[in-house]
Amino acid sequence: MRITAKDLARQIGGEIEGDPSKELTGVAPLESAADGDISFIESERSSVQAQASKAGCLITPRNISLRDRTIIRVRNPRYAFARAIELFHPRPAAAPGIDPTAHLGKGVQIASDVHIGPQTVIGNGCCIGSHTAIGAGCVIGEDSILGEHCTIYPRVTLYPGVRIGSRVTVHSGCVIGSDGFGYVFEGGRYYKFPQVGTVEVGDDVEIGANSTVDRGALGATRIGRGTKIDNLVQIAHNVQIGENCVIASQTGISGSSVIEDNVVIAGQVGIGDHARVRKGAVLGGQCGILPHKSVRSGETVWGTPARPIREQLEQQALAARLPRLFEKVQSLLRSANQL
Amino acid sequence: MRITAKDLARQIGGEIEGDPSKELTGVAPLESAADGDISFIESERSSVQAQASKAGCLITPRNISLRDRTIIRVRNPRYAFARAIELFHPRPAAAPGIDPTAHLGKGVQIASDVHIGPQTVIGNGCCIGSHTAIGAGCVIGEDSILGEHCTIYPRVTLYPGVRIGSRVTVHSGCVIGSDGFGYVFEGGRYYKFPQVGTVEVGDDVEIGANSTVDRGALGATRIGRGTKIDNLVQIAHNVQIGENCVIASQTGISGSSVIEDNVVIAGQVGIGDHARVRKGAVLGGQCGILPHKSVRSGETVWGTPARPIREQLEQQALAARLPRLFEKVQSLLRSANQL
Amino acid sequence: MRITAKDLARQIGGEIEGDPSKELTGVAPLESAADGDISFIESERSSVQAQASKAGCLITPRNISLRDRTIIRVRNPRYAFARAIELFHPRPAAAPGIDPTAHLGKGVQIASDVHIGPQTVIGNGCCIGSHTAIGAGCVIGEDSILGEHCTIYPRVTLYPGVRIGSRVTVHSGCVIGSDGFGYVFEGGRYYKFPQVGTVEVGDDVEIGANSTVDRGALGATRIGRGTKIDNLVQIAHNVQIGENCVIASQTGISGSSVIEDNVVIAGQVGIGDHARVRKGAVLGGQCGILPHKSVRSGETVWGTPARPIREQLEQQALAARLPRLFEKVQSLLRSANQL
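Protein chains in written order, with our numbering: chain A, 4 to 342; chain B, 4 to 342; chain C, 4 to 342.
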């Protein structure tokens, strides 16, 4: 792959300055970029590193100037760079076709241009949309429905009756539709509360490796359109997640909690059952939302129990000053005793 | 499925009030129940919602009255409702039989009415009890023993020599019997401490999706009868878990720790090595038990390091009052200086 | 297996005292050892238990004496005991050979004495070193390279283009090379930032069950030689881990963070993106390193945000004394008002 700076600028919708005939052969981060590479900066703060970089061409914000460099100015440099990477590293589509070692149940409906990898098991009554690719070693439970243009990586499990939208990506090792964790204590032991609901995953969702999504007890666990979920995340039964949320690794969301649209959740966050996180809230890493609590729209919280981040930071700062406070009180007590 | 309120009351052992001939066709939570649905309440506090619900029949505690409603009074409404759900949503038993693509080793003993799904691999010398179902894509290591009426969902791995009781449920992606995490530092590098023990899982245990249970280094890691484990839980080598414990998602229990009977552990709890959690203790979400520490019988603890919950809550409350305390001390110092 | 104390001493390089002809038939921990068993102690502190143990032979440090016992004195008792266990429990090597149900792609290169288990899928262009064993139900993505003498347990997934060194152990359920968690917000939705890098795993690395290692966005995620990783650990894109690190269960390391050599990380630790943990640092259980922060070489830290452990313990101690501090200040205020 080889492209001129001018052609690249046209493809990513930017305005070129410098040498339009500059030949570009790859993409790289600023620090390791060589003369043939495209790289990018997101703000003026990186100008010095940009000037020092050996990159042959830099994608920059609109207000940037760099001396003696070939740059392409765009509105969203990270997005433009993502598109430049795609030009150089197109992800090959899985070849349509069903591997002879795949195991298809009865009444399975498979649309056109579907790929099903070796050793994969598709249960009775499943319905697979066109251009969807299911990797090797998957088990798709009966009566599950997958939309179009999905990518299901190897060794994913869907339990029966799960519904997956279109353009959904599910990474290896994910389990979707397993039983929720519900029991009734009766007669001196835990009796299983039936988990007979389902899971509904919206369009354009991505779910990371080895994450788990339990089916509803009654009704559905739902993940809204465009939401992105990282590795090793736990979504419990009847959780309702809105659209365009971002949920980082090892976070756990307990039963029946509601995560509204555009929420951002950092890693290792724990959310108790029946909590509600309102639109656009941000949950800091390792924080804990107690059961039945709610987080206000747009608020950033941190700590366990989670509080508005300003309060949390203030309290951390005061805690660091405790040794001095103890000394002061000690000195006051001595003075008082001398009076 | 269609049943009268009278027949339902007989099946779940309750006392009917209202219309015994009321026809019921489904189960649903209070808020979404329609006229043909059964729903339930657990206490008088939910009476208002119950009165407002459209449910055709309500399972209630014994002391409840609801005007103009058909109700079934029982001792344990949640348990009775669980049984009603089972009537409407019987989980189909896997059909007995061994899929022709399953791969059975030498000397495997398989009792009657066993189901083994496609692509599943059963190692040499395994012994599978009657009515046990092993889903697709599992790998059962050699010389493992499974009891009767177990449900092993697709894509579970047992390492060699694991012993599983009867009526055990293991969800997809679980790994049971992997090596414990033990090394000796010698000659400037970590030398693996052999992990040659095993895992013993008692009767009626359930283990959630993608959880991991390591084998003992020497001797066994044990999970006692009736204990329920959620998704993505880590049980390290030589951990001893008692009977009827409940362990929520993403909790980790380090090597050689002992969890006695009837312990309840919330999500994302961390337990250090060689700790002991005594009978009936309750560990709050995200709390941390330090290595070699113990939690008293019946005690509820929270925080890291975990303390009795009253102390922990008191300390949290005082921490929230720190800004005011700092102000007071400042004002006392000013007064003192003026004297 | 049966060995005299004298022969054992020769094999593990120790100095015998007591009965050299003592016959030994097994290994066991101190508390459960019987007359034919070898056990060990690591320091004088365990002398009383050692004296009380029924073990027929004890491996001890060099400075130890035990009355009327057969002991073998060595420099590193735990290491010597590990080697004794290996004598009694040799791990059988997987028999060389490729199972007929394995699925090999085009251009796969397989060295001598390789084992490939049933139902395993090896992608086009993979290269497998000699004496490497790949268990049942694995999926090895195309163009991946594995060195010699590796043990890949059943149901592991490698995405395409992953490079694994020699003598590497990967436990069941691991996913290596999955996409990093990177998106650009553009046009009201998250656009996937291409993840086109790779993963490089050094020699002698061990990775626990159900752990996940994401590929680099550009460039590689790296795990250095001799590093040991426990179960359910998350390694994000472009993380650089040095040599001989130990990373306990359920820890998560965010994107582009650097863990230098000989770092020890306890369980459930969270490390933000672009953090740096310098050589020989120790991170206490459940602690949190904030994004872009660094931990000093050799330092032990704890808490969230993580601080030097002495500060953290001091602050915890002061926090426990808060109730008394509040009382004192209250009493000072009363006195001040009376003046």
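Hint data in this document are derived by calculation from the structure and do not stem from the laboratory.
Heads up, some of the hints might be wrong.
Once the Cα atoms are required to be at most 25 angstroms apart in a straight line, the calculated SDA-like pairs of lysine to any residue come out as [claimed, not checked]:
no., chain 1, residue 1, chain 2, residue 2
1, C, Lys-9, B, Glu-189
2, A, Lys-331, B, Glu-330
3, C, Lys-296, A, Glu-302
4, B, Lys-195, C, Leu-316
5, B, Lys-195, C, Arg-5
6, A, Lys-195, B, Glu-330
7, A, Lys-331, C, Leu-316
8, B, Lys-195, C, Glu-34
9, B, Lys-296, C, Glu-302
10, B, Lys-331, A, Glu-314
11, B, Lys-282, A, Gly-110
12, C, Lys-296, A, Gln-319
The model shown is predicted, which means the values in this text are computed figures rather than measured ones.
Verification of the hints:
For the hint pairing Lys-9/C with Glu-189/B, the CA-to-CA distance comes to about 23 angstroms; that is within 25 angstroms, so the pair holds. Distance check on the hinted pair: Lys-331/A and Glu-330/B sit about 12 angstroms apart at the alpha-carbon level, within 25 angstroms; holds. Between the alpha carbons of Lys-296/C and Glu-302/A the distance comes to roughly 24 angstroms, so the proposed pair stays at or under 25 angstroms and holds. Distance check on the hinted pair: Lys-195/B and Leu-316/C sit about 32 angstroms apart at the alpha-carbon level, beyond 25 angstroms; violated.
A distance of roughly 23 angstroms separates the Cα atoms of Lys-195/B and Arg-5/C; the hinted pair therefore holds under the 25 angstroms criterion. Proximity of Lys-195/A to Glu-330/B is assessed by CA-CA distance (about 54 angstroms); at most 25 angstroms being required, the pair is judged violated. The hinted pair formed by Lys-331/A and Leu-316/C meets the criterion: a straight-line CA distance of about 20 angstroms does not exceed 25 angstroms. Straight-line distance between C-alpha atoms of Lys-195/B and Glu-34/C comes to about 22 angstroms, which keeps the hinted pair within the 25 angstroms bound.
Distance hint between Lys-296/B and Glu-302/C is fulfilled; the C-alpha atoms sit about 24 angstroms from each other, no more than 25 angstroms. With a C-alpha separation of about 19 angstroms, the suggested pair Lys-331/B and Glu-314/A falls inside the 25 angstroms cut-off, and the hint holds. Taken as a hint, the Lys-282/B and Gly-110/A pair is broken in the structure, with Cα atoms around 51 angstroms apart against an allowance of 25 angstroms. A hinted pair counts as satisfied when its Cα atoms are at most 25 angstroms apart, and Lys-296/C with Gln-319/A qualifies at roughly 17 angstroms.
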